[in-house]
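Asker: One letter stands for each residue in the lines below.
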Amino acid sequence: MKPRHKRIAIIVGCLASLGIAAFFVLNALNSNIALFYTPSQVAAGEAPKERVFRIGGLVKSGTVKRNEMTIRFVVTDTAKEIPVAFTGILPDLFKEGKGVVAQGKLGADGQFVASEVLAKHDENYMPPEAKHAVDQAGKTANTLKQ
Amino acid sequence: MIPELGHFAIILALLVAVVQGVLPLLGAHRNDSAWIGLARPAAQAQWLLLLIAFGCLTYAFIANDFSVQYVAEHSNSQLPTVYRIAAVWGGHEGSLLLWVLLLASWTLAVSLLSRALPEVMVARVIGVLGLVSCGMLLFILLTSSPFERLLDIPQDGRDLNPLLQDPGLVIHPPMLYMGYVGFSVAFAFAIAALLSGSLDATWARWSRPWTLAAWIFLTLGIGLGSWWAYYELGWGGWWFWDPVENASFMPWLFGTALIHSLAVTEKRGAFKNWTVLLAIGAFSLSLLGTFLVRSGVLTSVHAFATDPRRGIFILTFLVLVIGSSLLLFAWRAPKVGLGGRFALMSRETLLLMNNVLLVVACGSVLLGTLYPLIIDALGLGKISVGPPYFQAVFVPLMIPLLFLIAVGPTARWKQASVGDMTVRLRIAFAIALAAGIGLPFILGSWTPLVGLGVLLAIWICVSAIVQIRERFQKSGNPPPAFWGMQLAHLGIAVFVIGVTLVKGYETEKDVRMAPDDTVEVGGYTIRLLGVKDAMGPNYRASVGDLELSKDGKLLRTLHPEKRAYFSSAMPMTEAAIDTGFTRDVYVSLGEPVGVEDGSGAWSVRVHHKPFVDWIWGGCLLMALGGLVAASDRRYRLQSRFSAGIPSALKGATS
Numbered sequence: 151m152k153p154r155h156k157r158i159a160i161i162v163g164c165l166a167s168l169g170i171a172a173f174f175v176l177n178a179l180n181s182n183i184a185l186f187y188t189p190s191q192v193a194a195g196e197a198p199k200e201r202v203f204r205i206g207g208l209v210k211s212g213t214v215k216r217n218e219m220t221i222r223f224v225v226t227d228t229a230k231e232i233p234v235a236f237t238g239i240l241p242d243l244f245k246e247g248k249g250v251v252a253q254g255k256l257g258a259d260g261q262f263v264a265s266e267v268l269a270k271h272d273e274n275y276m277p278p279e280a281k282h283a284v285d286q287a288g289k290t291a292n293t294l295k296q
Numbered sequence: 082m083i084p085e086l087g088h089f090a091i092i093l094a095l096l097v098a099v100v101q102g103v104l105p106l107l108g109a110h111r112n113d114s115a116w117i118g119l120a121r122p123a124a125q126a127q128w129l130l131l132l133i134a135f136g137c138l139t140y141a142f143i144a145n146d147f148s149v150q151y152v153a154e155h156s157n158s159q160l161p162t163v164y165r166i167a168a169v170w171g172g173h174e175g176s177l178l179l180w181v182l183l184l185a186s187w188t189l190a191v192s193l194l195s196r197a198l199p200e201v202m203v204a205r206v207i208g209v210l211g212l213v214s215c216g217m218l219l220f221i222l223l224t225s226s227p228f229e230r231l232l233d234i235p236q237d238g239r240d241l242n243p244l245l246q247d248p249g250l251v252i253h254p255p256m257l258y259m260g261y262v263g264f265s266v267a268f269a270f271a272i273a274a275l276l277s278g279s280l281d282a283t284w285a286r287w288s289r290p291w292t293l294a295a296w297i298f299l300t301l302g303i304g305l306g307s308w309w310a311y312y313e314l315g316w317g318g319w320w321f322w323d324p325v326e327n328a329s330f331m332p333w334l335f336g337t338a339l340i341h342s343l344a345v346t347e348k349r350g351a352f353k354n355w356t357v358l359l360a361i362g363a364f365s366l367s368l369l370g371t372f373l374v375r376s377g378v379l380t381s382v383h384a385f386a387t388d389p390r391r392g393i394f395i396l397t398f399l400v401l402v403i404g405s406s407l408l409l410f411a412w413r414a415p416k417v418g419l420g421g422r423f424a425l426m427s428r429e430t431l432l433l434m435n436n437v438l439l440v441v442a443c444g445s446v447l448l449g450t451l452y453p454l455i456i457d458a459l460g461l462g463k464i465s466v467g468p469p470y471f472q473a474v475f476v477p478l479m480i481p482l483l484f485l486i487a488v489g490p491t492a493r494w495k496q497a498s499v500g501d502m503t504v505r506l507r508i509a510f511a512i513a514l515a516a517g518i519g520l521p522f523i524l525g526s527w528t529p530l531v532g533l534g535v536l537l538a539i540w541i542c543v544s545a546i547v548q549i550r551e552r553f554q555k556s557g558n559p560p561p562a563f564w565g566m567q568l569a570h571l572g573i574a575v576f577v578i579g580v581t582l583v584k585g586y587e588t589e590k591d592v593r594m595a596p597d598d599t600v601e602v603g604g605y606t607i608r609l610l611g612v613k614d615a616m617g618p619n620y621r622a623s624v625g626d627l628e629l630s631k632d633g634k635l636l637r638t639l640h641p642e643k644r645a646y647f648s649s650a651m652p653m654t655e656a657a658i659d660t661g662f663t664r665d666v667y668v669s670l671g672e673p674v675g676v677e678d679g680s681g682a683w684s685v686r687v688h689h690k691p692f693v694d695w696i697w698g699g700c701l702l703m704a705l706g707g708l709v710a711a712s713d714r715r716y717r718l719q720s721r722f723s724a725g726i727p728s729a730l731k732g733a734t735s
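Note that the protein sequences, when read in sequence, are chains R and V.
Take the first sequence: its letter number 95 is residue 245 in the working numbering, and every next letter is one higher.
Take the second sequence: its letter number 406 is residue 487 in the working numbering, and every next letter is one higher.
The following block holds chain R by itself, in its conformation from the complex (with noise of 0.2 Å):
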C-alpha cells in the first residue's frame, strides 16, 4: 500500500470506529435518561406510564409508614401529593418535611413505586431537583391567586 492509501485507511477506521461509538453512546442515551416529574406534574397526568421517571418534592410529615421492609410515604410539592412505596433501606438523610427525589415507576394504582431513593449528603441540603418541584408549585399558586 501506498503511505497516501494508508492514511486514508487509517482515518476511515477511525471514522467508522467513531461512527459505531456515537450509535452506541446515543442509543445508549436515548434509553437511559430518566425525566422528572413534579407531583402537580404527575397528578394532572404528564408522567409516563411504562418508563422509569424521578420524582422530587418533600416527605410529607406523619405519612411514613413502615411494614416490615416496605416502607410508604407521601412526596408532595405543597400541591399535590403522589404515595410512594420503596422496599429496602432508606438513606441516612431521609426525613419527614425533609426534601427527596425518587426513580421509578407509577403503578396502575397510582402510587409511584420507587426502586431508588436518593441520598444527599448534607442535612441542610436540598436536593434541587426537590426545590424545583416546590418552587413550581409556589408559582402555579401565585398565578391562581392574581
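Please note that a few of the clues may not be correct.
Subject to a maximum C-alpha distance of 27 Å in a straight line, what follows is the list of computed DSS-like cross-link-like pairs (lysine-lysine) [as the list claims (entries may be wrong)]:
no., chain 1, residue 1, chain 2, residue 2
1, R, K248, R, K281
2, V, K416, R, K156
3, V, K416, R, K230
4, V, K495, R, K156
5, R, K245, V, K590
What the hints contain is simulated information worked out from the structure, not anything from laboratory work.
For chain R, the structure is supplied; the task is to place chain V on it using the hints.
Answerer: Relative to chain R, chain V alone:
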C-alpha cells in the same frame, strides 16, 4: 493576626506568580538570560509563600479560631485533631488553597529536578505554570478566600460533615489533587514545546516521567475515593458514575491515552500534534473537573457552595486556557511535521487505536455528565443520566481496548506481521479461551459477561508472560519501563477480574433482623446478637453485634454502627466489613424497625462481594507500574539535543 498573615502571603504569592508567569516567558522569547534565570527562584518563592498561607490556615483549625468563617463552617472544638487538619481541605476555600499549594509544589519539583534540561525550556515550563497559578490565586483572592473573618464570632464551629470524618478523607483529596494538578506539568511542557517550536522526541522524553507521576497520583486518588465510597457511604457500591467521580475519571482516561501517545512520540517521533492535543485536553479536563465540582452546578458531597461568581470565574478561566492553547496549537502545529512513517499493521497503529478508544470513552462519559446540565441550562426540563447509560457505553468500548492490551506490546514498531503475532500469541489465546469457558463454572455459573471478563483478564496475563519470556530470550534484563508497563497491564487484568466477578456473583440482601435471627449470603451465615448504644468522641452510636460463621464455624463478630453526631442532626452509617482475598462480607445497619412491637429488630443490609478488593488491588498495581516505569534511568540521563533517533532505533520496549 495569623489569618491575616496567611491572606497577605497569598497576595504576595500572586505577585510572585505574575513575575514567574511573565518575565521568564518574555526572557525565553528575547533570549534574555537574566529574565530566564528568574524562573527557578520565583517558583521557589511562590511555593514558600503558599506553604506559609497553608500553614496559617492549618494553625487556625488546630487552634479552633472560629473568628475565621471557613474554620467556623468546617470545624468544631470537639473534632479530633487529625480531622481538624483534614478539615483544612474539607471545604471549597481550603481545598482550592491546597490546589494552588500542590501546583506550586509541582513547579518546585520541576525547578529542582530539571538540571538536565536547557534553561530556556525550564523557563518556559515554569512560566506557563506561573500563569496557571495566577489564575487560580486570583480566583481565591476574588471569590473564595479561606481567611475571611466573622464579625460575630460563634461559640463553636458548625463541624465537618460527618461523612468526611474518616481516614480516607485525610488522603483522598490530596492524592486526587496531586493528579489533577500534575497534568498541568505535562500541559506546561506541551505549551513550552509549542512556543519553542521544537516538538521532538527529547520533549517527549522530558515530559514522560512527569505525566506518569501525575497519572500515578490520579490513579491512587480515584482508587482511594472509590474505596472510601465503598466502606463509608454504607451502600456497598464502589463506583456510582456520579458526575463528581466522572470529573476525576475523564482526566484519567485522557492521561492514560497521553502516556501511550508520549511513548510513540518518544520512540518514533510520530503523533506529535496528537500528543500535544492530549496534554492540553488532560489538563483542560482537570480544570473542567474543578469547575464542575466547585461551581455548585453538580450536587454531591463535593459541591460545597453555590456561588455563581465562582462558577463564572472558573468557566472564564477554562475558556481562556483552552482557547489560548488551542490558538497557539493552530498557529504552531503546521510547522511540526509528521514524524516517522509506519505501516497499517504496526505498534503505532495499535497505540493509535488505544488512544481513539480511550478518547471516545472519555467523550461518552463527558456527554453523559454534561447532558443533564445542558438540558437544564437550556430550560428543556430536568433529566438524569444513570449508571445504565455509562455501563451500556463503557463495556463495548472497553472490550476491544482490553483485547488490544495483550496484543499491542507484541507488535513491532513501524511494521508488524499479523501472521508472526498470531503464532506467538495463539497458545496464550487458547489458554484465555479455556479459562473464559471453564473458570466461571468453578466459581459459580457461566454468564456471557463473566466469561468474557475472565477471558480478557487471563488473555492479558498470559500474553504478559509470553512477552516477558520473549524479552529475556532476546536481550538480557529488560529496563524498568518494560516492567512498569507489564505491572500496570497486570493491574488492569486484576481490576477486570474484580469488576467482573463482583458484578457476576455478588449477593445483596436488605432484611429485617430481630435478635437471634440469621441470614445467609454466599454460603456465610450472619446472626444478629443485638444492637447496643455506645459513645464516641463527638457522636453517639447504635452498635450492632453480629456473628459471621461458615458451615457452623464462627469466624468473627462484626460491629456495624449507626452514628448520630452531636453537632448535626445527620445520622451516619458505618459499615462493618470482613475483608478477604476472594470475598468481602459487608454488613450495615438500616434503622430500627421493631420499635412498635418491642422486638428490637433492625433493618440490616448484608452483602457478599466476591473479589471486590481486587478492584483496588488492580488500581494499586497500575500505580505501582507507573512508579516503576517512571524510575527508568533513561529519563534522567543528560538529554541529547539531537532528537531521539538512537533510541528510536533501539526498538521494542514500551
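Asker: Could you run down the list of hints and mark each one as holding or not?
Answerer: Here is how each hint holds up against the structure:
Among the hinted pairs, R:K248 with R:K281 is consistent with the structure: their alpha-carbon atoms are about 10 Å apart, no more than 27 Å. Of the supplied pair hints, the one linking V:K416 and R:K156 holds, its CA atoms being roughly 22 Å apart against a limit of 27 Å. About 65 Å separates the Cα atoms of V:K416 and R:K230, which puts this hinted pair outside 27 Å; it is violated. Simply put, V:K495 and R:K156 have alpha-carbon atoms about 13 Å apart, close enough for the 27 Å limit, and the pair holds.
A distance of roughly 23 Å separates the Cα atoms of R:K245 and V:K590; the hinted pair therefore holds under the 27 Å criterion.
Hint 3 alone, counting from the list given before, is not met by this structure.
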